[in-house]
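Put chain H on the given structure of chain P with help from the hints.
The chain contents come next:
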Amino acid sequence: MAQRPDSSQGEPAPVAAASGGALGSSGNILGAATGTAERPAPPPIAAEVPAAVSGVPGGETVVLMEGVSKSFGEATVVKDLQLQVPRGGLIGLIGPSGCGKTTTIRLLLGVYEPSAGEVRVFGELPYRFRRETRERIGYLPQQFVLYPTLTVEENLNFAAAAYGLGPFKRRAAKREVLELVGLTPHRKTLAGKISGGMQRRLGLAATLLHQPDLIFLDEPTAGIDPILREELWNEFRRLQAAGRTQIVTTQYVAEAEYCDWVILMDSGQIVAAGPPDALRQEAAGGDLVDMCIPELDRPLLVTLRGLAGVREVRRLSDDDVRLVVDDAAEIIPQLIGVVQEAGAQVQQIEERRLSFNEVFVALLGRAGRDISEVRGSVE
Amino acid sequence: MLNRLARGLVRKTAFIGKEFTEVRRQPRLLLSLVLGPFLILFLFGIGYSSSPQEIRTVVVLPPDSQISTEDTARYSDAFAAPFVLDSLTKDPDQARARLARHEIGMVVYFPADAYNTIAQGERAVLQTNYNEINPLQAQWLNYYAYVQTNELNKRVLVEALRQADRGGQSGRVATENKQLAGTIGAEATGLRGDLAAGNAGAALEHVTALRRANNRAQENILASAQTLGGVALFLGLQNAQGTPQGQALTQSQEAVARISDNLDQLEPALRAGQLRPEQTRMAEQIGQDAATIERSADQLKLIPPEIAVSPFESQSQNIAPITPDFVEFYAPAVIALLIQHIAVTLTALTLVRERLLNSVELFRVTPTSSIEITGGKYIAYFLLTALLGAFLAAVMHLGLGAHILAGYSLFAAAVALLVVASLSFGFFISAISNSESQAVQLSMLVLLASVFFGGFFLGLESLLPYVRVVSYSLPVTYGIRALQAIMLRGEDPAPYTLLALGGIAFGLFVVSTLLFRRQLLRG
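Protein chains in written order, with the working numbering: chain P, 15 to 393; chain H, 59 to 581.
Looking at chain P on its own, in the form it has when it is part of the complex (with noise of 0.2 Å):
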């Protein structure tokens, strides 16, 4: 299983405060999205992505966003991103289609040039990038960039080279990321003859070849089985935990588990930024806790939500209940002991975890985006 990054470890960037202000305070826990078309835009958030998160001691900015915006013709793209990633951070943007996360990506590469603002990585402008900045970074495209033609390893071959890997330097290399992605089997078969899936894992393998400080992976488990997606995560931890940066966007929004810090982008905007528990109970609006005590009554329910660090008690059915609370392993024995106070029994208890799914879709809701729009886009 892949490790859950530990919430232990970061706290809520600074701006986390603008980040609940930016979202409002009236998410609906059970997804009951109430966002309207009338909610005017909110405001840029910027995602200020901590040191600690990466572990990574001092905290080098590797990537830096400031007020960029992205335009085509009279179409703005990207509007005001403001990002900043220590080395070693692990970070996951996630957003419906067309939400601007490639473009954001593109605009790190060098391949777009801002509209407006600056960007900033290892230092440098991206679209000026020296040779030996280059060869610190590895991309992976969304599409299959790679030749049908070649074999998996001359496609590998072919990256190496174009990386200035000599025969010699790249052998080692070769074979270690043919054993990551599974293709070692198939590394005498056409790249035009494996499957989409395989092919996305070969074009991962030539995106870790050479190592790079900095890896931008555009979709990178997009068209690959679970199982595969669960390794290449731990790969991805794995090579977090040596150091590199890596700047993931996912369709998968159950994925942003994994990262250290997910930035979720609507229409070109950050709409939310943080580590995913802290996201989790931003959508929620606290921790969930149900229960389920058969002699479930009003009076208990009035009991319930006079506790100190209960926000919301909601009844969903004759002996269920749900509470919105500040910490839920805080209050959890303290609300056994006040049913059993009341006479009752609590013949079950837990905390409710949201899903991602539901996270990403509340926050968006809050945020002022139509939900059924978003929901074809995602998974």
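In case anyone wonders, no lab produced these hints; they're calculated from the structure.
This one's a predicted model, so the numbers in the text were calculated from it and none came from an experiment.
A virtual CB, placed ideally from N, CA and C, is assigned to each residue, including glycine.
Careful: at least some of the hints might be erroneous.
[Claimed, not checked] Far from chain P by the CB rule (all over 12 Å, computed), these chain H residues:
id: 1; residue: T130
id: 2; residue: P169
id: 3; residue: L215
id: 4; residue: E352
id: 5; residue: T424
id: 6; residue: I462
[Claimed, not checked] Heads up, simulated EDC-like pairs for lysine to aspartate or glutamate below, C-alpha to C-alpha not over 20 Å straight-line:
id: 7; chain 1: P; residue 1: K207; chain 2: P; residue 2: D239
id: 8; chain 1: H; residue 1: K236; chain 2: H; residue 2: D356
id: 9; chain 1: P; residue 1: K202; chain 2: H; residue 2: E80
id: 10; chain 1: P; residue 1: K207; chain 2: H; residue 2: E80
id: 11; chain 1: H; residue 1: K148; chain 2: H; residue 2: D129
id: 12; chain 1: P; residue 1: K93; chain 2: P; residue 2: E132
Just chain H now, kept in the frame of chain P:
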């Protein structure tokens, strides 16, 4: 520094290796690129016949002609190749119908009143009909008809001269003048005897006979002098008199003139019955002049009618080092055209394919520069095309006996230049194309333009100057010229051909790389 250089080289090898492998994976592409055009051109080379097709001709005689339509022998030898007399007829409609059905190639109508027209000093029109939509073939037919008409005119003239030549023997003048010289000599001897005997009346008879013979000799000499003088005038000879014929003419003319003078003096004196001692000396002189006329007679042949009508015949000699057959002659052009075709086709797709595969997005991010990309590809395709070119040249040289007179090293240098120029041309097409079909279409247009304007079939001289701009923008134009000089003439190619190939190679490579760089930067 060394490390940077080494990494730069490695980056180039990425593209060299990739392109080699991609082409190697497409053996059918190589076969179609090399063997396809080669076989087509080879078949054309061995199957093309340069000799003109026979033109079967029907002669339509006037309705009132006395010549039988069965009498084809009368005219058959009057038709020079490619004309062949098919038949004679007096039915113009039937002849025209056969022409319409393409059973014959031409109909010649003899004018009904040709004799009267010519007799009145005018030309008679010899009408010809043909049925041809090919303008080139129509031009040839017109030309052949003109040549054939000249041939007929010549035959008429020969016949007329024969008739005018009283006896019709080319050696008549010489023979007759010899006889006349004998007559004059004999009469001069008789004159001398009668003068010695004091017989004025008999001497006068000799003088009369002498004058008759002398006048005839003078006519012959004059006729000969006129024809030879005309030829001398046409040739612009300043000292025609210095030739043996000229000297003979002069001596003969002087001799008959002196005889005439002596006879002018003798005749009135003898008529008056006066006999003087100097008359014997005059008779002796006449005898000596007769000897001169006899000696010169061999040089005074009249020009025979066939020679007078066609005084010149051609005898040409080719001073080129070799006289190649069609396959050998077209070998340099085939090699040049195929090399250009292979190079352009391979490279025309290369950059556009990268764009379509979206690999360009990766190139924008990798440390590989545009010059490393195009340079790597350039090296790969240069090696590939040069290998194919060498194979092609070996087949032409060893298999089909194509010559390489100026040596292999010069040949290799010219081919190398043609390859780089063609590669740059292909890169340029690739850089300006937005899709594979566009690149393929442009490559085909280049091939078509090369066949028409590159000097493959038609010489550049046949093209108007402003159209030659197209020719001079194609590498194959210079390639054909350079390889023809090297292979067929054994000469160094003209420096401008090599300079132009180098210029195209460098200029278009720079332009293509800049265009590709712009595409990389644009995003």
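So, going through the hints one by one against the coordinates:
1. T130: T130 of chain H is indeed farther than 12 Å from all Cβ atoms of chain P, at 70 Å.
2. P169: Holds, since 74 Å exceeds 12 Å.
3. L215: holds (76 Å)
4. E352: holds (98 Å)
5. T424: The claim breaks: T424 of chain H does not keep its Cβ more than 12 Å from every Cβ of chain P (closest is about 5 Å).
6. I462: Label holds. Min Cβ-Cβ 36 Å, cutoff 12 Å.
7. P:K207 with P:D239: holds (18 Å)
8. H:K236 with H:D356: holds (8 Å)
9. P:K202 with H:E80: Between K202 of chain P and E80 of chain H the Cα gap is close to 14 Å, so the pair holds against 20 Å.
10. P:K207 with H:E80: holds (15 Å)
11. H:K148 with H:D129: holds (12 Å)
12. P:K93 with P:E132: Holds, at about 12 Å.
Hint compliance for this structure: hint 5 is the single one not met.
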